[in-house]
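Each chain, written out:
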Amino acid sequence: MFTILAEGANPFTKLLNDFGVTWPLFIAQVINFLIVLFVLKKFAFGPIQAMLEQRKNRISEGEEKLKRIETQLSESEERTAAAIEEANSTAQRLITEAKESAATLSEQKTQEAIASAQGILTKAEQAAKAERDQMVAELKQDFGRLVAATTANVTGKVLNDDDNKRINEEAVASIDA
Amino acid sequence: MGKLFTSISLLLATSGLASAAHQLTPESNVLVGSREGLAITNSMIMVWIATILIVLFCQAATKKMKMIPAGFQNFAEWIIESLYDFFGGILGDHLVKRTFWFFGGTFLLILITNWLGLVPGVGTLGIADSHGHVTFLLRGGNADLNMTAAMSVIFAILWFYWAFSENGSKGFFAHIFAPKGDFSGAMRIGMIGIFFLVGILEIVSIFIRPVALSFRLYGNVFGGEQTLESLMALGGKYFAFAPALPFMFIELLVGLVQALVFTLLSAVFLKLICDHGDHDEEH
Chain F
1 MFTILAEGAN PFTKLLNDFG VTWPLFIAQV INFLIVLFVL KKFAFGPIQA MLEQRKNRIS
61 EGEEKLKRIE TQLSESEERT AAAIEEANST AQRLITEAKE SAATLSEQKT QEAIASAQGI
121 LTKAEQAAKA ERDQMVAELK QDFGRLVAAT TANVTGKVLN DDDNKRINEE AVASIDA
Chain B
178 MGKLFTSISL LLATSGLASA AHQLTPESNV LVGSREGLAI TNSMIMVWIA TILIVLFCQA
238 ATKKMKMIPA GFQNFAEWII ESLYDFFGGI LGDHLVKRTF WFFGGTFLLI LITNWLGLVP
298 GVGTLGIADS HGHVTFLLRG GNADLNMTAA MSVIFAILWF YWAFSENGSK GFFAHIFAPK
358 GDFSGAMRIG MIGIFFLVGI LEIVSIFIRP VALSFRLYGN VFGGEQTLES LMALGGKYFA
418 FAPALPFMFI ELLVGLVQAL VFTLLSAVFL KLICDHGDHD EEH
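Here the protein sequences line up with chains F and B, keeping their order.
Per my numbering, the first sequence starts with residue 1, numbered consecutively.
Per my numbering, the second sequence starts with residue 178, numbered consecutively.
It cannot be assumed that every hint is accurate.
To list a few chain F residues with every Cβ distance to chain B over 10 Å, as calculated [stated by the list, open to error]:
1) 24
2) 32
3) 41
4) 49
5) 55
6) 71
7) 126
8) 139
9) 170
List of simulated lysine-lysine pairs, PhoX-like, C-alpha gap at most 20 Å [stated by the list, open to error]:
10) 357/B / 42/F
11) 448/B / 347/B
12) 56/F / 67/F
13) 240/B / 42/F
14) 357/B / 41/F
15) 347/B / 56/F
16) 274/B / 56/F
17) 56/F / 241/B
18) 357/B / 448/B
19) 241/B / 41/F
20) 140/F / 129/F
21) 41/F / 347/B
22) 42/F / 241/B
Estimated spans, in silico, between C-beta atoms of each pair [what the hints assert, rightly or not]:
23) 11/F / 437/B: 45 to 55 Å
24) 341/B / 78/F: 49 to 59 Å
25) 34/F / 374/B: 50 to 60 Å
No lab work stands behind these hints: they were computed from the structure.
By construction, the Cβ of each residue, glycine as well, lies at the ideal position given by its N, Cα and C atoms.
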């Protein structure tokens with residue numbers, strides 16, 4: 001293009017001259033266009049492209065984060081499932097152990113309760129027997145005294161200690177018989 | 178400046194005022210300076226207006242940037258992201274990251290410049306001197322071959338830079354001259370010869386690309402402007418807008434299509450040289 005713009009009788013040069021193409025105007029337009037491109041890049045596209053780039057980065061960061069979260073979630077779910085599994089198994093084991101322990105304890109307590117009840121029963125029997133013996137002894141003494149008093153009243157005789165003792169013994173012997 | 182305005186008159190070429198003498202010419206008008214030196218042309222002004230509009234739009238959209246976009250920010254992000262994905266689909270993730278500043282910027286610049294060229298006053302509002310020569314204040318940015326050629330040449334230079342940096346010099350020449358496919362024996366020798374010739378054609382096509390890109394865009398935009406102007410002349414003094422109106426909608430579409438064609442072809446050219454797979458379709 002530079003060659004064909006050169007001075008001369010070249011028909012193409014004449015054609016370009018007819019269209020108003022001259023070196024100075026052409027160079028001026030080249031400089032003009034370069035400045036325009038610079039201005040457009042700096043003041044028109046620059047801020048918008050920067051924002052688009054920023055948003056693009058943010059979206060890709062977001063997507064990356066999402067992927068990371070998904071991975072973490074899946075790992076967490078796996079960990080949770082494993083923990084639940086382990087907890088279930090531990091709980092099962094504890095329940096089994098508790099059941100076994102409860103059965104043992106129950107048996108032991110039952111035995112203890114039986115033994116305790118037996119002891120209470122024995123003591124009660126012994127107490128009842130002692131009480132009855134005491135009552136029998138008191139009854140015998142009362143009966144002897146009653147017989148002696150009755151005898152003294154019937155016979156009108158003052159009974160001495162020996163008489164009283166003998167009558168008591170006879171009365172008790174008759175009761176025992 | 179005031180004196181200048183007293184000696185010249187503003188011309189409204191709309192409503193059938195444009196005469197043959199005031200029609201748009203293929204070359205742009207120099208507003209400051211001269212054609213032989215440093216100059217500011219009416220097409221450069223349009224390119225800067227388009228640039229300022231794009232920057233203002235993006236700045237307004239990104240004034241209160243939020244992580245969750247809404248409203249204007251959402252719309253701006255949708256445009257940029259759609260463009261990025263579109264070129265990403267052609268170039269791949271790696272290349273689009275390196276080159277989006279060029280393709281995205283060029284696409285939006287061409288599109289907005291093309292559409293601004295349809296705004297009433299562009300290519301019609303001018304200053305006439307005492308000889309009747311009109312200097313139009315604004316002109317479609319891509320209706321100036323200097324502009325489209327500048328874009329094409331810059332792309333061509335960048336294409337070489339990206340192609341060499343992606344392939345290495347050995348890979349670059351292998352891409353152009355090395356035989357594609359598995360051949361052995363005499364077939365291989367024959368293929369080396371054929372692919373060498375194909376490579377030469379490829380080199381020619383590489384140097385023709387900027388010419389084709391610049392003339393295609395310029396031709397479509399300038400042709401569109403000429404069409405609109407000619408149709409307006411058909412409408413008479415009061416109905417100049419009527420014949421041109423349907424073509425305004427077509428020009429909106431043409432503006433979009435040409436922006437797409439320029440950047441799409443550029444992206445495909447780059448992809449073809451940087452593609453490490455089968456790329457026979459280029460030939």
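Check each numbered hint against the structure and report the violated ones by number, ascending. 1, 2, 3, 4, 5, 10, 14, 15, 21, 23, 25
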